[in-house]
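Need the complex rebuilt from these two chains, each delivered in its own frame; the hints are there to steer you.
As you go down the protein sequences, you meet chains L and Y in turn.
To convert, note that position 340 of the first sequence is 343 in the numbering used here; the numbers rise steadily by one, no gaps.
To convert, note that position 18 of the second sequence is 549 in the numbering used here; the numbers rise steadily by one, no gaps.
Derived by calculation from the structure, the hints in this document are not laboratory data.
All residues carry an ideal CB built from backbone N, CA and C; glycine is no exception.
Some hints here could point you the wrong way.
[Stated by the list, open to error] If you anchor each label on the Cβ, the simulated ranges turn out as follows: (1) Y:T618 <-> L:L133: 37 to 45 Å; (2) L:R268 <-> Y:N751: 49 to 57 Å; (3) L:A363 <-> Y:G684: 54 to 62 Å; (4) L:A61 <-> Y:P920: 51 to 59 Å; (5) L:Q352 <-> Y:T950: 54 to 62 Å; (6) L:Q352 <-> Y:D815: 27 to 35 Å; (7) Y:D815 <-> L:D346: 23 to 31 Å.
[What the hints assert, rightly or not] Partial pick of chain Y residues on the chain L-facing surface, computed with a CB cut under 8 Å: (8) N541; (9) P542; (10) R544; (11) T552; (12) E554; (13) G660; (14) E772.
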Amino acid sequence: MAPNVAIERVVEAPLRVDPAAIEGEFNRIWKETSLAGYDESAVRLRVVNFVAVGADDAATERFERVMNVLPEHHPCRGVLVTMTAGASGIESSIYAHCLRVDGGSRHLCAEVVELRGGPGDEAALASVVLNLLVPELPVAVWLLAPFEPETRLVADLLDAADNVFVDSAGVPEAMSHLERLARAAADHEVALCDLAWSRYDTWRALVAQLFDGPDGAQRLDHVESISVVGGEREASTAALLIAGWLVAQLELQLADAERAGGSLRVTLYDGSRGVRLGVVPDTRHNLELASVTIRADGVDFVVQYHAESGHMHVREEWPDGPVHRTLAPTATDDASVFAQALDDSSGPQLYARALAAVLALLR
Amino acid sequence: MTTAAVASPNPLRAGMRLARTPEPCAVVVFGATGDLTARKLMPALYNLARERQLPSGFTVAGFARRDWTDEQFRAAMKDAVAKYSRTGLDEEMWDSFARCLHYVQGTFDDMAAYEALGERLHKQDEAHGTAGNRLFYLATPPDAYAMIAQRLGEAGLVRGGKDGGWTRLVVEKPFGRDLESARQLDQALGVVFRERYIFRIDHYLGKETVQNILVFRFGNGIFEPIWNRRYVDNVQVSVAETVGIEGRGGYYEQAGALRDMVQNHLLQVLSLVAMEPVASFRGDAVRDEKAKVLHAIQPIEDVNRHTVRGQYVSGAVLGETVPGYRQEPGVDPRSTVETFAALRLQIENWRWAGVPFYLRVGKRLPKRATEVAITFNRPPLQLFREMSPDNDPTPNLLVLRIQPDEGISLRFGAKVPGTRSDVRPVNMDFRYGATFGASPPEAYERLLLDAMLGDSTLFTRWDSVEAAWELLTPVLEAWADGASPLQFYEAGTWGPERAREMIERDGREWHRM
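Same shape as in the complex, but just chain Y (with noise of 0.2 Å):
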């Protein structure tokens, strides 16, 4: 995967497996009381301490609007950490980590407020040695995004501490909620902040098993020779969730599936799984390949035949019975926003002309799952027909399992043990938790290491950002003048019928997950 992004002078680092620790840094994260700071950032940077991988002048500032203290931040955070963190909380070293903990309280459009903040990081700079480098964390609402670039820019902020340094920005999705919007943001971070040093973070490419899927195609020399039009017959992305909207109404209403999910997490398994090869992970090159695949995805002209849209009505779901989605909290009681989306893409270029790429995402489905399946061609030949069940052989099947259960398995036919030459579907099955055992990183352990390392490789560039909504930008316009209705289904299925038919049509069937 990627490699040490930056090549140390340190001659102790030499030889050494753990090459991989950032130089010395203050992160800035705006948003620092909100949800996303105690669930996932606070404990990811502590992680990473306790794992050893932060620089040895290392510093958060949290800035917000309460009125909070550096003790009442540090108070919080522990909480936070003591909650969410995947290792629990070790008091003493908490204690140590901690006094790295600052707090700023300002509005993200008050200017002295990003004066207060220079000040504080040119003080943290002094005594925790983070030698002017910045990376700006902007887990706030995306609205506020454009803002707060503008006045970073405007309090001298993004040219690092006094004796210079580096700056990056780490922004989270949603990036726009269509083309239009999108390229507006791209312009605004734009002129304060170099394409390079923009890191929009897609927590899925922070996955194990997403980053695997390199390892698994390019780190083994039996897949890739198979891995084209010529063996392959369909190529199926599925995020299925047993949960709701989980209380975020009011988002879930401006975004939907497709916004949510597809725009962004399916097209980037996607494209990591219908890329060409690199020649090394150095540099821009997976994510210039990543785009390539993006630009070369067809336009959807017939909306009404190649996407599906759905919503769950009340129904049951893991043993319980759970509300409609007009009926959750923060949701129009007429509301057509999907909860339930299914495409079929078409990547026309030489590896993968005429195989068909379904993609499917719901909420309120029977189980919780994100998978790829490849389906492979048949045999030309078939010899063992009246053997099989129902005189129909059952094609390879490839699945990466990206979660829960993180594996892989491979479908294939075997005889079964007799007289007979009865032939059988056999699953050969690899399970990470099995063979590895260790408990893996969060993907924002990984994703905030490779930010303060400056390697953008899991990050997302703007082209693929701008080819996304160029895909599906005309998809939403269609939906709203009325193309392929919103379909309901019952809460606790596998999403409408039609997306069943959609796939049916092409004389395939949606991989059983």
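Looking at chain L on its own, in the form it has when it is part of the complex (with noise of 0.2 Å):
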């Protein structure tokens, strides 16, 4: 049964930056949620804390859309910090959402706390966030700026969270910022995730989809090349971690790369045979992913985003005629990927072997 489920805020209030009043608040307003006129009492919902970390409105922009939907689907204690470069002192505001289910009761699904600040309130933010995470709970950090991971917010989030969340979509030098992240994670023994990768979840399931059966393997034996379409000026982060997912893989190994006009240009061996691989941009319609294409055996196989329909579009090039489908697109806003996201356990180990394949061959 598909829940009617509405997300609507109940209260707003700015407090004074004391957790405890924020608890007591937060006590209040559940209570009150319960009185509010319904038969029954409301159930006060938490499977997660999530924790954002911005530095400007566009930043609380992006969070609030998330914590507009994100509780359908992970109802959870939601903290945003903000530090901007003017502010002085600490500031707190906080709401609440209920979700109606069925038009009858109500569940208190998202706790939310925002946090203002400036860069000489690092420390005392940290120590609000660490005391207003429900305990037993795990904690999901979002990097929504390019934060050094060696700052104290940063570094003390890092140590409380199971969880750390970037987007190295747009970010400039994005792979060494990645790298830098992906270590202080390790450090730190967090799962390090990124919106760049799991936003293109669907394309890689299309990709490994195509070599599934008896015969699938013994294709990816006979991988000629390997061509992936995306970006602006230059190859997409996405494109890359594509690439790098394949690379990873298929366990390719690194014998001559290209860096030029954008693109990148490699040759791979899989220890019989040379593997072309070449990441490049869309030049056409500027996708962050446009295209995959593997030829093995002489056959293409294609997963290509059709920017006209808005479809996916799946083929493989027999001699003998092509097999073609296409299909419904996936929504690729930050809550749906959110919602993807915070259950893949294994996306975080699969998503480093992916990075360190595309680090080894822009190196």
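Laid out in structure tokens, this is it:
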């Protein structure tokens, strides 16, 4: 049964920065929700602590867009920390979301605290955030800006986190930034997740699906070339990560690499023969990821985004004719991606392998 | 629950969450123009395609008597998907999916039609890469099962494609109408298909909340230690429906509540609730344990005392006046077919000896609900007797709600705030819709996918079917001889008074749904 779910904001209040006061206020909201004319007690649902760190209003807007939807899948305690250069002193506000199921009972499904401070408030902000985490629940930290892992706030959050999320799409020098974050995540024993990677889960599933079946693995032993298209003026992070994933999963060894005009052209070695890899920008539509083509045994296996229709096309170009499927696109907004990624425990390991492969190619 | 049944050699699948894509295959639906295909099967296949869970080499061949072309079949299926799919219809995706749909016209006994089907499937192997793998789905009346299986064998279609491949058979309930007919059907299918390739579908087992019974029991450490005769007073499995027979008078007159619901759905749920833990979900482990439970149920010797059958008469349900069963279209005005059944069962094994299991199913009851209710023993010392309502402390109750409001609730006693020490029962509630939000797949999506994967965990094995008929056939025979006479109950009530008397004789009462 598909629940008829509506999420509504119930209370918003500025508060002095006192974790005990904030908890008290949430308890009051919960109690009020129960009494607000409904015949059932409101249930308080929390399955994760979701902490975001941003640096500007755009980060706040992005966080709030996620919090408008995410609790439908992951009821949570949300904390946003915004550090802006001009700010002095810490401010906070709280609000809560209720989820109404089938027009009936209400569930308090998101308790959100927004904290704002300046660069000098890092230690204080970190102490407040750590105090607000609900015990015994996993902690997911979303770094909304390319923060340095060595800073106090980020280091403290890395210590508390189970997963750290970043979005490397559009970040300048993304790979070197990711490399440092990955190192820091490993030091803190935290799983690093990249939305630019999670956004394209479906692509990887479709590419893998082309090689299911009894002959699939054999075909992968005869890969001749791989082409990944994506990015505006240079190959995008998403395209590079898909390429890295293929290189890692197929256990291809680097023989030669060349970067030119925003493209990456690599010769790989699979133990018996050479495999050509090209990662090039999408000059036509400037898509983050436009197509993945694997040529094996003289057959092209293609997964492609069709910009005009907004659908995915999966194609196999056999000598006696193509086999072609059209599939509905998946949602790639932040909230949808988080809804998947928060449940994907194997994602970070796969991502780490792909990232390591990309870094090796770029070096 | 079930893990990936087929180890994939595909290195691109390694470490990936969605590892359950079947091998390329053709699904052949017998009865392709029927209601089940339109309402359930085609929407399920379409949604699997939409969720990218079908293999790239995939086709559907519809087989039925109507003189349709491929195009007519596709048009009818498009209408069905638009009407019944939980995700609606995406035109562009449909156009791509529809290219996989084909139609073969023929009657179920027409050998030439099976040969034509074979030719068509060979062509699809070449054009769509379906690799000779076949899933035959019998969405037909049960009396056609044996004939279709026989013809498939005679036409050489159970050997897969020209280069081999697997073949599996999916059959719908009812599997026989008593022990004898079930055995005959099993023998007829067994001539052509080995047991491991027969998938008897019980759509209840495809429901998320039914599967969650195993997760709840064996994925948590706190419940299993108290899941036995030392702590459980009684277990009730109830299926209440507000609907009547919905125009299926012809079918229901031959079936009745015991055959239609108890023999399959209720006993399957009961076996999941009562089974022993498995060491893994590999192979037949779950089905072995379920079968042991059914074999451990004691035969019902006192049918008068431990069974109740009822039939609804005119009344009001959900604010509307409804006719009695005998006034329904297609029903004999003197029919004695039961629309309500209640049974008291006893599982004689180490875990459950002495704990009664009550089953209850009925049509035209006041509300729609399917629940398993487990009542626990009271504490050995009644310290708070006088502080409890009616001086009778309410026992702890765990309710697994299967539909419609899927969830779990636990009732326990709590002190009422104040200077007095009054105790009041309160409910702790978990609701799927609220916690997980996302809409779960339809039962048929899960079961079709499992059948394509060759994972039979959620399908009913013959020994379970046989055990269920061994238990219930004597009841049907006793009823036919007049035991536990038919009771009438007003539509919109909770069934005949005798059902209440049956459980009250044990000093218990039905869980309030």
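Going down the list of hints, with the structure as the test:
{"no.": "1", "hint": "Y:T618 <-> L:L133: 37 to 45 Å", "result": "holds, 42 Å"}
{"no.": "2", "hint": "L:R268 <-> Y:N751: 49 to 57 Å", "result": "holds, 53 Å"}
{"no.": "3", "hint": "L:A363 <-> Y:G684: 54 to 62 Å", "result": "holds, 56 Å"}
{"no.": "4", "hint": "L:A61 <-> Y:P920: 51 to 59 Å", "result": "holds, 57 Å"}
{"no.": "5", "hint": "L:Q352 <-> Y:T950: 54 to 62 Å", "result": "holds, 57 Å"}
{"no.": "6", "hint": "L:Q352 <-> Y:D815: 27 to 35 Å", "result": "holds, 32 Å"}
{"no.": "7", "hint": "Y:D815 <-> L:D346: 23 to 31 Å", "result": "holds, 29 Å"}
{"no.": "8", "hint": "N541", "result": "holds, 5 Å"}
{"no.": "9", "hint": "P542", "result": "holds, 5 Å"}
{"no.": "10", "hint": "R544", "result": "holds, 5 Å"}
{"no.": "11", "hint": "T552", "result": "holds, 5 Å"}
{"no.": "12", "hint": "E554", "result": "holds, 5 Å"}
{"no.": "13", "hint": "G660", "result": "holds, 6 Å"}
{"no.": "14", "hint": "E772", "result": "violated, 15 Å"}
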